[in-house]
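So the sequence lines, in the order shown, correspond to chains H and F. Using this note's numbering, the letters of the first sequence correspond one by one to residues 1 to 246. Using this note's numbering, the letters of the second sequence correspond one by one to residues 1001 to 1468.
Just so you know, these hints were derived from the structure itself, not from any lab. Do not take every clue at face value.
Using 30 Å as the maximum straight-line C-alpha spacing, the simulated DSS-like pairs for lysine-lysine come out as follows [unchecked claim]:
{"id": "1", "chain 1": "F", "residue 1": "K1152", "chain 2": "H", "residue 2": "K111"}
{"id": "2", "chain 1": "F", "residue 1": "K1152", "chain 2": "H", "residue 2": "K110"}
{"id": "3", "chain 1": "F", "residue 1": "K1152", "chain 2": "H", "residue 2": "K136"}
{"id": "4", "chain 1": "H", "residue 1": "K208", "chain 2": "H", "residue 2": "K24"}
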Amino acid sequence: MLEAINLTKRYEDGELALDGLTFKVEPGEIFCMFGANGAGKTTTINLLLGFIPPTSGSALIEGVDVAKDPLGAKRHVSFVSENVMLYGNFTAIQNLDYFSKLAGKRNLAKKDYAEVLDRVGLQKEAFDRRVKNFSKGMRQKLGIAIAVVKDAPNVLLDEPTSGLDPQSGREFLEILVQMRDKGKSVFMSTHDIFRAKLIADRIGFMRKGKLVMMKTVQDLAHEDLTDLYIQYMEEQPAQAAAPSGI
Amino acid sequence: MLRDIIRKEILDNITSPKFVFTFLLCTILILLSVYTGVTNYRAEKKEYTASLALNKKNMEAQPNYNSLAGIGIKVSKPPQVLGTVVTGIEEAVGRVAPVNIAADPDLIESKYGSNPVFAVFGALDLMFIVKIVLSLFAILFTYDAIVGEKEKGTLKLALSNDLPRDRLILGKAIGGYISLLLPLLIPLLLSLIFLIVMPDISLGGQDWGRLLLIFLMFFLYLSVFFSLGLFVSARTSRSSTSFLVLLFAWVVIVMVIPKAAVITAAQARPIPSVHEITAKKDAYLQQIQVEGQKSVRDWVTKNQADAAKDPKAWQDKFRQYLQDYQQELTNKIDQNNAALERDYQQKKRAQQNLAVNLSRISPASALTFGSMTLARTGVDEYDRFLASVRAYKPIYTKWINSKLGQSINFQTGEQAKISLDDMPQHVYEQEWLSRSFVRAVPDFVLLAVLIIAFFVGAYVSFLRYDVR
Ligand SMILES: Nc1ncnc2c1ncn2[C@@H]1O[C@H](COP(=O)(O)OP(=O)(O)OP(=O)(O)O)[C@@H](O)[C@H]1O
Ligand SMILES: [Mg+2]
Chain H
1 MLEAINLTKR YEDGELALDG LTFKVEPGEI FCMFGANGAG KTTTINLLLG
51 FIPPTSGSAL IEGVDVAKDP LGAKRHVSFV SENVMLYGNF TAIQNLDYFS
101 KLAGKRNLAK KDYAEVLDRV GLQKEAFDRR VKNFSKGMRQ KLGIAIAVVK
151 DAPNVLLDEP TSGLDPQSGR EFLEILVQMR DKGKSVFMST HDIFRAKLIA
201 DRIGFMRKGK LVMMKTVQDL AHEDLTDLYI QYMEEQPAQA AAPSGI
Chain F
1001 MLRDIIRKEI LDNITSPKFV FTFLLCTILI LLSVYTGVTN YRAEKKEYTA
1051 SLALNKKNME AQPNYNSLAG IGIKVSKPPQ VLGTVVTGIE EAVGRVAPVN
1101 IAADPDLIES KYGSNPVFAV FGALDLMFIV KIVLSLFAIL FTYDAIVGEK
1151 EKGTLKLALS NDLPRDRLIL GKAIGGYISL LLPLLIPLLL SLIFLIVMPD
1201 ISLGGQDWGR LLLIFLMFFL YLSVFFSLGL FVSARTSRSS TSFLVLLFAW
1251 VVIVMVIPKA AVITAAQARP IPSVHEITAK KDAYLQQIQV EGQKSVRDWV
1301 TKNQADAAKD PKAWQDKFRQ YLQDYQQELT NKIDQNNAAL ERDYQQKKRA
1351 QQNLAVNLSR ISPASALTFG SMTLARTGVD EYDRFLASVR AYKPIYTKWI
1401 NSKLGQSINF QTGEQAKISL DDMPQHVYEQ EWLSRSFVRA VPDFVLLAVL
1451 IIAFFVGAYV SFLRYDVR
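The shape of chain H in the complex, shown without the other chains:
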């Protein structure tokens, strides 16, 4: 379970990036967070991973406060970052092997890695090629494979679909659904409303560090997500809507 309680972050330069953010991602749930550039999505993830300390409030992973016990909390989370370059001199398998070991998965064989890489849609020829020459999408797939191998109960993804082609995008969604079905809490920041609509259980909208709206997938059945997105992102909402569905 992932949880943010009144999470506030003011950067050293005075920028208020998060302003009393509160949400919860239950086990077996996919939560998609929308927000314009600079809304505070990456900041939220950085706080959940303990990379930066919160100004106030707390971030919890499996009930463990990240600021108090970062290592204990991070044991239970896998992470796919926005744009990871990985080790260019290593092959896909070597990269995967290293990060699996860091995640504490030591007994995996090459065929296990191959299986995961296959699942995330990386072409077989690329398994033993140096990552240096990988395309953005190929690296993204490798990043997802790293998270899959860790197999933690919580998953944080920062714009994971940005480099994926349609075919890989679909495979990726399947992986997320499998994760949810295994009872994981999945938090994904994204700009991709179409893919999000296909799999999200809940959707949040962020604006200037605040959660301005939250909808369940049932609510969305009757509404057009694009309209909502534009309504909440591009203009000031008529009234500061109280986040619903928490």
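Once you've looked at the hints, dock chain F with the ligands against the given chain H.
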């Protein structure tokens, strides 16, 4: 987990193009420099042996002690075998000290003096390569150690696990260090083998100890740059910045501080110029002359009465007086000159010491002086040799003087044939390893302190490093 990080770091380094490049360049440079050093040493040794034989032959060929005293004896400085790796001042200082009755012995005929073009190239000894080239490689291996991983995004990814930061930096430091050592150790071992199999190069037990300590110093010196690189890479947020900062630090450490130390020392402990000394000598001479004229006049006035009585006796007395007085004045002048010279040398030495000690805050200077001390190719060994020659001079002079006194047959005017059998020999005791080591200890300590300080700096900085 630490093992995995170390393994990854080594693998990452040795599969990178810079590793291959470094390895090749190190191998070429190290072997080339040791080869040059060995060739030089062999040539020097040949020359040394030849000059010993020539000197002996020359002396034996003299018909009598008079002419033997005339040519004096030439004491040659033996080349140092470890000059093959640390040339030191060997090429710049003289190799021969002529000893005779008259002059104060000094070393002359340096390699640079007899062939100044060599001075332009400088020595390409192993120490120079370590000091300049390999230190740059150390920087090349570490400037992006931390900041590069941040840029690749791997730092975030690694730290999204329950991986303590201190473990990560420790693993990176160890792995990085091992991968830096690989391209150094292999060529260095090759060069050692080269030294062993080469004929004419005989390393005694102490020399091995010295060589080992010199290599230890090389590694410490490179470790300073390694941990400095780690430190800077944990304090910058872009690898290009890190590289620039390190390059700047390198220039300051290797070029600026040693030069600045010399300039500062010259300011703080000025030594009189040669012209000043000459002027002082001239002034004294003039003073003596004036004094002398006055004394002579006084003598004449005082003894005027006698001149009238017996002019012949008076003239003899006057001549005797002049001769004695001349001798007295010459002695005075010599003494004054010697005092000035001693004072000048003392001041020069004080300035030199200050420059050396000031510059020693730079690891590059610590390496230079420390390794020179260990290789016995520094100023101190040169001084020891010169001192041994100067101590030998009175011994030799006494011997040749006694021979001169005994050898002339006053009746016939015949001179005895020379025999060198009982001529006292010059002895030169080289410094013991333990002594050299004690003198190099401050340099070892400085290098160790810097390594620890930079590493602690890197460690602490990394614990607070912004990984985003
Ligand atoms: N290190 C920092 N120092 C100061 N301000 C920062 C820092 N990092 C981010 N910010 C500010 O915090 C706000 C939120 O940034 P954040 O990266 O969380 O946005 P985001 O929602 O991830 O945007 P994007 O969609 O572009 O990824 C922005 O206004 C940004 O300028
Ligand atoms: Mg972002």
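*Hint by hint, which ones does this structure get wrong, listed from lowest number up?*
No numbers; nothing is violated.
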